[in-house]
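Protein chains in written order, with this note's numbering: chain Y, 4 to 199; chain A, 5 to 172.
Hints in this document: simulated from the structure, not taken from any laboratory. A few of these clues could be false.
Some, not all, of what chain A presents toward chain Y, calculated at C-beta under 8 Å [what the hints assert, rightly or not]: (1) Ala22; (2) Ala47; (3) Trp51; (4) Val76; (5) Met79; (6) Leu80; (7) Pro123; (8) Leu124; (9) Gly125; (10) Gln128; (11) Ala143; (12) Asp147; (13) Asn151; (14) Arg161; (15) Leu167; (16) Glu170.
A virtual CB, placed ideally from N, CA and C, is assigned to each residue, including glycine.
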Amino acid sequence: MSREPWNEWKDAWHDTPPVDIERLRRHIDDKRRRMCWFAIAEVLVSLLVLAHLAWRYDAVAEGSPWRALILCGIGLVVASQILMLALRRGTWRSTDTAPADLLRLTIRRAENGVRLIVAQWISFGVVVAVFAAWYAWVRLSLDAAAQSRLAHAMEISALAQVPLAIAFGAWTAWYVPRLRRRREDARRLLADLDRD
Amino acid sequence: MSRAAREQLFDEALRSHAGLVARIARTYEADAARCEELRQDIALALWRALPAFRGEASLATFVARIAHNRGVDHMLARQRDPGGAALAEDYPDPLPEPVQRVEAGERQARLFAAVRELPLGMRQVVTLALEGFSNVEIAGVLDIEANAVDARLSRARRRLRDLLGEPS
Numbered sequence: 004m005s006r007e008p009w010n011e012w013k014d015a016w017h018d019t020p021p022v023d024i025e026r027l028r029r030h031i032d033d034k035r036r037r038m039c040w041f042a043i044a045e046v047l048v049s050l051l052v053l054a055h056l057a058w059r060y061d062a063v064a065e066g067s068p069w070r071a072l073i074l075c076g077i078g079l080v081v082a083s084q085i086l087m088l089a090l091r092r093g094t095w096r097s098t099d100t101a102p103a104d105l106l107r108l109t110i111r112r113a114e115n116g117v118r119l120i121v122a123q124w125i126s127f128g129v130v131v132a133v134f135a136a137w138y139a140w141v142r143l144s145l146d147a148a149a150q151s152r153l154a155h156a157m158e159i160s161a162l163a164q165v166p167l168a169i170a171f172g173a174w175t176a177w178y179v180p181r182l183r184r185r186r187e188d189a190r191r192l193l194a195d196l197d198r199d
Numbered sequence: 005m006s007r008a009a010r011e012q013l014f015d016e017a018l019r020s021h022a023g024l025v026a027r028i029a030r031t032y033e034a035d036a037a038r039c040e041e042l043r044q045d046i047a048l049a050l051w052r053a054l055p056a057f058r059g060e061a062s063l064a065t066f067v068a069r070i071a072h073n074r075g076v077d078h079m080l081a082r083q084r085d086p087g088g089a090a091l092a093e094d095y096p097d098p099l100p101e102p103v104q105r106v107e108a109g110e111r112q113a114r115l116f117a118a119v120r121e122l123p124l125g126m127r128q129v130v131t132l133a134l135e136g137f138s139n140v141e142i143a144g145v146l147d148i149e150a151n152a153v154d155a156r157l158s159r160a161r162r163r164l165r166d167l168l169g170e171p172s
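Extracted from the complex, chain Y is given alone in its bound form (with noise of 0.2 Å):
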């Protein structure tokens, strides 16, 4: 081919504007501040309700069943905070990598993302069983004094979570769509690349 449209396109290409750095050194300092913030804040929260967490189970009794779920409740935040800080941190690190690694990566992650929120879904199931199991056998096994106060403190905490299983249930419906999405388009790009 001609090499004169090759040497235009490049004298066209090279032409643009002076970029403003100062402005954009300012944009991304904010930006850097506002994540730093939002990282204090999400790591704050969470110590709150590991605080609280502790104090609940200062306050009941040796022996309770109740402390075992608040045991649950601490793994639980603990290992969220380390989940949302390794996210972070993973699609950080893999800005460097080669473009076609990048998009395997973020089809993995969205197959992994759907992966996560079932078995999310299954420890949801497994968990209400096993309540269910021990309700029945607080409600078949003890004496009626002991039998009401236990059965009524489960029923109010099964009660509670009936609006966070709605809210996990409609942000499921939200973002698997989304992941799915997202990973046909990574599949798509990837085959872009390659092709001619």
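For this one, chain Y is given, so just place chain A on it according to the hints.
Leaving out everything else, chain A in the frame of chain Y:
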């Protein structure tokens, strides 16, 4: 890498390669406001990625890789045709004469729009070639073979010529 060294390298990268970042961003986004956001995202990603820079390749190729990766992320986030909104460009032009300014601006807008029409693999190769990277450097940025760069670039040029209506 110490914080001061990182900040210094970041400043150097921005001062030397802000134009490269801006042009790559423009091959992923036609809308000026979104393109500006993408430029900021790329710069932020660059700052995050700098500790991984070992100096084995040039800073320019490192910046180019980050910019392309963020561009791909941007395409995924928008979940739409990457060539869309091609006519929405609104960039100031540096030339003094009004007629020249309009002509040069139009020529440039057509070129960027045509580059955005290319399949992703061709687009990345042609962008880097227009930036002046050698085929070996392009192969390094995209992690592909140098002969694949040759083949892809030659097809991309033909496709660009068709898109721009240039004679063969």
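Kindly indicate which numbered hints from before are broken by the structure, ordering the numbers from low to high.
When the structure is compared with the hints, numbers 11, 13, 15 turn out to be violated.
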